[in-house]
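Chemist: Protein chains in written order, with numbering that gives the first Met the number 0: chain Y, 0 to 183; chain U, 0 to 183; chain W, 0 to 183; chain R, 0 to 183; chain A, 0 to 183; chain P, 0 to 183.
Treat each hint with caution, since some may be false.
Since copy identity is lost for identical chains, a pair holds within one copy or between any two.
Here are the simulated BS3-like cross-link-like pairs (lysine-lysine), alpha carbons at most 25 Å apart as the crow flies [to be verified]:
1) Lys170 to Lys132
2) Lys181 to Lys155
3) Lys102 to Lys181
In short, the hints are calculated from the structure, not lab data.
There are 6 protein chains.
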Amino acid sequence: MPLLDLLLEAGNLKKLPRTGWLLRGVPNPESIADHSYRVALITLFLADELREKDIEIDVERALKIALIHDLAEARVTDIPLSAQYYLDKGKAEKKAAMELFIKTPNPREYFRLWREYEEGLSREGRLVKFADKLEMLIQACEYERAGFSNLDEFWKTLDYLHESEFYGHFKELIEGLVKRRKGK
Amino acid sequence: MPLLDLLLEAGNLKKLPRTGWLLRGVPNPESIADHSYRVALITLFLADELREKDIEIDVERALKIALIHDLAEARVTDIPLSAQYYLDKGKAEKKAAMELFIKTPNPREYFRLWREYEEGLSREGRLVKFADKLEMLIQACEYERAGFSNLDEFWKTLDYLHESEFYGHFKELIEGLVKRRKGK
Amino acid sequence: MPLLDLLLEAGNLKKLPRTGWLLRGVPNPESIADHSYRVALITLFLADELREKDIEIDVERALKIALIHDLAEARVTDIPLSAQYYLDKGKAEKKAAMELFIKTPNPREYFRLWREYEEGLSREGRLVKFADKLEMLIQACEYERAGFSNLDEFWKTLDYLHESEFYGHFKELIEGLVKRRKGK
Amino acid sequence: MPLLDLLLEAGNLKKLPRTGWLLRGVPNPESIADHSYRVALITLFLADELREKDIEIDVERALKIALIHDLAEARVTDIPLSAQYYLDKGKAEKKAAMELFIKTPNPREYFRLWREYEEGLSREGRLVKFADKLEMLIQACEYERAGFSNLDEFWKTLDYLHESEFYGHFKELIEGLVKRRKGK
Amino acid sequence: MPLLDLLLEAGNLKKLPRTGWLLRGVPNPESIADHSYRVALITLFLADELREKDIEIDVERALKIALIHDLAEARVTDIPLSAQYYLDKGKAEKKAAMELFIKTPNPREYFRLWREYEEGLSREGRLVKFADKLEMLIQACEYERAGFSNLDEFWKTLDYLHESEFYGHFKELIEGLVKRRKGK
Amino acid sequence: MPLLDLLLEAGNLKKLPRTGWLLRGVPNPESIADHSYRVALITLFLADELREKDIEIDVERALKIALIHDLAEARVTDIPLSAQYYLDKGKAEKKAAMELFIKTPNPREYFRLWREYEEGLSREGRLVKFADKLEMLIQACEYERAGFSNLDEFWKTLDYLHESEFYGHFKELIEGLVKRRKGK
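Based on the sequences and whatever the hints tell you, model everything.
Modeler: Structure, rendered in structure tokens:
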């Protein structure tokens, strides 16, 4: 029963911590699944807003990408930046993704969607990447409000958001986040 | 910035434990967001399979429902069964859901979707409920494999799955799960 | 064996986190039992001081109230403020308390004591409520000293203490706490 | 403000784990305060039952003893059996208790109560010791039901309960506990 | 101050969990540093025994190897087996080790020692590898005694121990471990 | 199999928290084994530097001392300062150390090494004590960078380092640490 195997493996995402927070001293930080959940939620609401501004966006496609974009980490784990210098994370996740998707009803479609995210091949893929970065910053903001420090490095990701094709549409949201951070 | 507020509140789902496991002695159990993530993933793959069997299913709709079905718990928390006897959880979540959805671009649509889940008004809503129960059983199976006991009660949910309109389509999956449990 | 059942259920209070801290990002915060323990201890010492000032106080009564005032949360859990807006916590705890007390040797007496706390019907009941609020502020002070922030909201409870009939007697204690907080 | 100091020190009991469970591999076990809370609760209900059987018992006295019996551990911590062979725990707790009680309104009374527990000088002191042992066994039963093993050693404490002057009164309760354990 | 940087980075080993246990559902498992500590301790005692049997062994060398054998994981993290299929862990750790050792007083010596472990180039290197496997099995035995299951896979490592040049010397120790496991 | 017993007991060092951090509100702080690991690592690198400055140092001896200096805590646990006022920790650890070392191949040698640390009888013993204090300060620095406060008291240990015979050799390292702390 390959699908059951896949769903059990996806359970790893609940157990595995996001290592970036862990290495900066946050005890019991969020899991990869915690993160993926809010990425999908953000993707949903941002897609809604884009549609209202008459930007064409395939919401189903975007949500699928959001849900599977970190699935390979069920095998590869959340390799932190300090390790990516030594490991070809992209290649590893690509291979792991392929082998995981074989257990789904439509391996090819999922691998295509995964590449849209990884390589930015579609607007939907790029939107999920935008949501992925945004989610991390919202989490950084929450940890800082709770009292954790040493998270400045994460905020460099703002540059990525500023240069994104979506920035204009979500400027208010991102500026709101920055303001909250300063207001702490 | 209402959407930012909503996304920050959704962060509660990462912090709040699923109380059913907690009360049975699982230390640091999964969060509500952990659960919601896999519910959405299951919904995705089951919807795929239904489509292949020519069952009409709106995947976008189903995924939206999966992502928001527990959102009200960001305010209401995961009220366990022992408390539901004393509290009108349904009513509370309904009101909280409404107030949360006001912060989204399309409050009415989301509330409509939420009701489809809660009241089983659409095939998509019922599919997410099926996925919600299935996710819980997969998690119970994982905890039991890890050594936790005292989880028999959860398996009564199998009855719900057996009686569902979807059971025929996913019989193999569910029987596979039961077999794994016994094989432990 | 109803009393054994009750004692086992009381074990839930050790497992359930105080959700107020959890939602503000304190990892692994105190349990409800942790809180209840210090409430009882505070009640004991405050009652002593009142007696020395010739204020009549029934210490046995006060301690009993302190020990059972959160017992209903063994079933209802610690419903946070964000949820109380949607749920009738008071009604739920009342019903749960009644059903739990049936398992004790003196259900009526315990329910009477519980109401003294909940409705402020006796000096002893009001003293425990005073101790309950004070305990929360001492805990907030400890978390802040440890580095957690985002807890300002809790300090609004000072108003309650200021207006209490007991404030005059414990002014020094409360001012001492506020001074410690500022001294951090 | 000595009383405030004492209450802050009592906060240590919430942070310190009960080392017996920790050393047998229970992750994040109960705190000393968790334990003390249920000891006090058990004392309360057992005292009620004794009274109904016309056994004279001073409930106020018993509850005071229950609340302070482990207070010295706020300084001394929960020294496990493996350490007691090398350390004079009794002497240490006695001295620490004395120094802590100086911060209360009635140091002598509290020290007297503490000795009633430690040396079994009064029926109330012995009842709290009975409750202390019983609480530990109820917790062992809960951990075993949750799946933890390696706790057989704790059950030797049954011998203490069997030989106690209170055994006859609470035979049903203790036999009920043993039955539950076997029924797991 | 390169050495200070190195010592701070080594702090990561205290924060990073051993992922093998994590993925099998052990909550809050040991850290990499926890593991490394006992590996060094085992190395020490096994080296002693070898010396008594007139096997030449350089204890200083062996201990140095034990202390640095997992140092590269401070950057690379504990890549689990499921990931090693996709990632060249060996190559990554080699490069990370080299770059970390540059911060020590004797980079070349440390890299040489590291290779002795990794490639089995010296008796001391092979002894540490033996100790590394043995440590894992002792930990597996402890987790199983505590109630965790699902750890059978780890015991395949017994084969490695059986085939080792050191097996004859530590047969009693290993058989003792296996007996304890069965006796659970 | 006495050595196996010893290695299993050493596993306690992985489970037992360093109580100093715990009492100041750090959730899930490092274990004793975590600490011991980095003490040994620091000892290794400091010994290297001493050798380069032509200070005679027996590295094997120093590493052995580092690895066993806290072994007695496997039985005695990490007695915090607040408890040492009431307990003769030194005497307890001495006796426990002796009884543990009987399980090793060379009890006398290990007890001799342990005394070199405890009583500062050799340069190697004093170096490990220096490393032990330094390790604690590096950890304090890490916790402070992560956001924890209330750790000023630990920094008094700087005085010990300043007065040590090794201070001149590692002045730069210690000043670097102090600078990092201020730079936070």
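Chemist: Checking against the hints above, which ones are violated?
Modeler: The structure conflicts with no hint, since it agrees with every one listed earlier.
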